[in-house]
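Construct the complete structure from the given sequences, taking the supplied hints into account.
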Amino acid sequence: MAPGETPISVDDLTMAFGSFVLQRELTFTINRGDIFIIMGGSGCGKSTLLRHLIGLKEPAKGTVRYYGQSLWDSAPEDRQVILRQTGVLYQKGALWSSMTLAENIALPLAEYTDLKPAEIGELASLKLALVGLAGFEDYYPSEISGGMQKRAGLARAMALDPDILFFDEPSAGLDPISSRLLDDLILELRDSLGATIVVVTHELASIFTIANNSVFLDADTRTMIAQGDPNVLLKDCPDVKVRNFLTRGEAAHAEA
Amino acid sequence: MAHPPQEAVSTAILDYRPAPDAALELYLAGPWTLRSRRPDPADVIRRLEDQPRTRRVVFLSDQVTAWDSGLLTFLDAVKRACAERQISIDSAGLPEGARKLLDLAAAVPEKAGARRQKTAEPFLNRIGTWAQGAAAGSGNALGFIGGAALSFGRLFVGRAQFRGSDLALVLQETGAQALPIVSLISFLVGVILAFVGALQLQLFGAQIFVANLVAIGMAREMGSMMAAIIMAGRTGAAFAAQIGTMQVNEEVDALQTFGIEPMDFLVLPRMMALIVMMPLLCLYAIFVGILGGAFVGIVMLNLSPIQYYHQTLAFLGVSDFAIGVFKAGVFGVIIALAGCMSGMQCGRNAAAVGQAATSAVVTSIVLIVVFDGLFAILTSVLGI
Chain V
1 MAPGETPISV
11 DDLTMAFGSF
21 VLQRELTFTI
31 NRGDIFIIMG
41 GSGCGKSTLL
51 RHLIGLKEPA
61 KGTVRYYGQS
71 LWDSAPEDRQ
81 VILRQTGVLY
91 QKGALWSSMT
101 LAENIALPLA
111 EYTDLKPAEI
121 GELASLKLAL
131 VGLAGFEDYY
141 PSEISGGMQK
151 RAGLARAMAL
161 DPDILFFDEP
171 SAGLDPISSR
181 LLDDLILELR
191 DSLGATIVVV
201 THELASIFTI
211 ANNSVFLDAD
221 TRTMIAQGDP
231 NVLLKDCPDV
241 KVRNFLTRGE
251 AAHAEA
Chain G
1 MAHPPQEAVS
11 TAILDYRPAP
21 DAALELYLAG
31 PWTLRSRRPD
41 PADVIRRLED
51 QPRTRRVVFL
61 SDQVTAWDSG
71 LLTFLDAVKR
81 ACAERQISID
91 SAGLPEGARK
101 LLDLAAAVPE
111 KAGARRQKTA
121 EPFLNRIGTW
131 AQGAAAGSGN
141 ALGFIGGAAL
151 SFGRLFVGRA
161 QFRGSDLALV
171 LQETGAQALP
181 IVSLISFLVG
191 VILAFVGALQ
201 LQLFGAQIFV
211 ANLVAIGMAR
221 EMGSMMAAII
231 MAGRTGAAFA
241 AQIGTMQVNE
251 EVDALQTFGI
261 EPMDFLVLPR
271 MMALIVMMPL
281 LCLYAIFVGI
291 LGGAFVGIVM
301 LNLSPIQYYH
311 QTLAFLGVSD
321 FAIGVFKAGV
331 FGVIIALAGC
341 MSGMQCGRNA
351 AAVGQAATSA
361 VVTSIVLIVV
371 FDGLFAILTS
381 VLGI
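Protein sequences, first through last, are from chains V and G. Letter by letter, the first sequence follows residues 1 to 256 in this note's numbering. Letter by letter, the second sequence follows residues 1 to 384 in this note's numbering.
Since the hints were derived computationally from the structure, they do not count as laboratory data. Possibly wrong hints are sitting among the right ones.
Distance ranges between label pairs, derived from CB positions [unchecked claim]:
1) V:P108 with G:G93: 29 to 39 Å
2) G:Y16 with V:G41: 51 to 61 Å
3) G:I181 with V:F20: 34 to 44 Å
4) G:G93 with V:G249: 48 to 58 Å
5) G:G259 with V:G43: 29 to 39 Å
The C-beta atom is built at its ideal place from N, Cα and C for all residues, glycine as well.
In C-alpha cells form, the structure reads like this:
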C-alpha cells in the first residue's frame, strides 16, 4: 500500500444474485481523503455494492482493488490482511450483544495486535471518548440508545486504526441533531486521521455537508448514471433522475 | 491511519528537556504506533512528581515519523495526569491530526454517573437479589398461566382471535414432522428396555416376560416421557425462539396495537396443537416402542411373533394406556407454556433469544420429570 496509490478502484463490476443482475458496468475510483457517497433510490443495490467492497459478497464479474491489489483474486488470508485496513459501521451498529462496549472494541485488538490487556483497555476507552461515549465502557449494547449504539459501532470500526472507513446508512434512525453531529464526526475523522470514507446514504442534508465524491446507482437502467461531487451534480448533471434525487423531486416539477 | 505500517518492531523515543518558566519539554521522535515499543506514560508522571514545580508541559514532535492510536493513548494519559496536577499543556507542537483527535476525545465530557462502579456485591445481597428475582419470576409465571387460561376461556366463547392456518401449521410441525425422530427414539428405547429385561429374565428362562416389561414400561412411562422430552427439545425451543424473535422485532407490539391479543394469536394455537398432538405422539411412541421390544424378543430371544403378541395383549390394560396418554397431555401443556412464556418474556436483543430457548427446554424438562414423579406417587397410592 504505497501512499500514492488509490485506496479503492472498482472496474467493470457486475453484481448479481444468481441470474438476476442488480447492477452492471460499475467503474469508479475512491481517492485518499475522499468522503465518497454511494447513493441511489431504494432497492438499487447501494448496500449490496458496499457488501462487495467489504468482502462479504463476491462480484459476478469485474474487480475491486485496494491499493492496486485485487480483493477477490487474492487468497483468503491475503484478503483478510487487505480488509484489516478497513472498518465498517453497520446500519444498526451490529455490536455483539453478549459483550460490553469495551469488549466489543477489545476483541479485534486482542486478535490482531500484541498489546497487553491494560493497553487494550486504555485504547477502548480512548475510542469510546472519540465518539463521545466516555464512561460507557461497561454497558451492554442493549442498555444504550440506538444513536449511542451507532456511535459505539463507529468506535469499534476504528479499533484497528483503519485507512478506510465504511458507513452503511449512518444517519438512519437518528434525530437531526445526532445525525448532524455524526456528520461532523465523519468530517473530523477524515481531517485528523487522513482516512478515506465511503458512505451509503440517501440523506440529502448529509450528502451535501460531507461528500466530495459520489456514485449514483440507478435501479431502472441497472448501472451507474453519474459520478462526482454531489454539489456539482446538483447544478450540472445532465441526467434529470440525478437532479431529481438531489432536489427531492423538485427538478421534475420544474420541467413539467 | 495514513501511515505505512512499520515492518520490524521499532522503538518510539521520548526525551525530557528542561525549559524556562517551570516548563517541561517532552521531545517525541520515531514511530509512535501500536506496533512499536512505546514509553510508558508512568515515566512522565514520575518525572512530574520529581519536579513538583512544573507548571507547563510542552510537546515537541517534529521528528515523529509515524503515529496512530499508540500516540493518542500516551498523550491522553499524560494529559489526564497533568489535569490532576493543574499543569497546563502546550500541544501546539503535536501533529495536527493528533491534536484534533485529542480535542475530539475531550469534546464530550464524561456524563456524571454514567461510569459503573465495579464493586463485589456482598453474599447476602446476592441471595436477596436472587430471591427477589425468583419471586418476580414465579409471579410472572402465574400471571402467564392465568393469561393462558383466560385465552382458553375466550376460545370457548368463540372470541379468541387467531388464524386457522397458523394452527394447521403448528399442528403439522408438532405432529407429522415430529414422527421420524419419535419413531427412531421410541424404537430404540423399546430395544433397550427389552435388552435390560432379557439379561435378567433369561437367567430364569422367563424370556417371554420381556413382552410384559416392554409393554408396561412403554405404555405407563417411557412413551409419554420420551415423546415429551423430544418435543421439549424440538418444539418448546422452537416456540421460544419464534416468539422471542417476534418480540425483538416488535412484532408482538404490532399485534397489540391492532387490538389483537398476542396470547390468543401466538400462544393459544401452539398450546392447542401440543395438547392435541402429544397424546397422539405418545400412543404412536408406545406402539413403536413395543415393536422395538418385539424385534429383540423375536430376533434375539427366539420368541414367536404370535406368542409375543398374545403375551403383550394379555397383560396390557386400558388403564396403562390411559395413564400414559393423560400424562402426555399434561406434558404437552407444560412444554407449550414453558416455550411460549420464555418467548413472550424474551428481552429485546439477539442474546436474549438464545436464553429464552435454553430456558424453555430446561424448564420443560425439569417440570416433565417432576410431574412424572408426582404421577408415579399418585398412581401407586390410588392403586391404578
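Now the hints, each set against the structure:
With their beta carbons about 32 Å apart, P108 of chain V and G93 of chain G fall inside the hinted range of 29 to 39 Å. At roughly 60 Å, the beta-carbon separation of Y16 of chain G and G41 of chain V lies within the given 51 to 61 Å, and the hint holds. In this structure the supplied range 34 to 44 Å holds for I181 of chain G paired with F20 of chain V, their Cβ-Cβ distance being about 37 Å. For the pair G93 of chain G and G249 of chain V, the supplied restraint of 48 to 58 Å holds, since their beta-carbon distance comes to about 52 Å.
Between G259 of chain G and G43 of chain V the Cβ separation comes to about 32 Å, which falls inside the hinted range of 29 to 39 Å.
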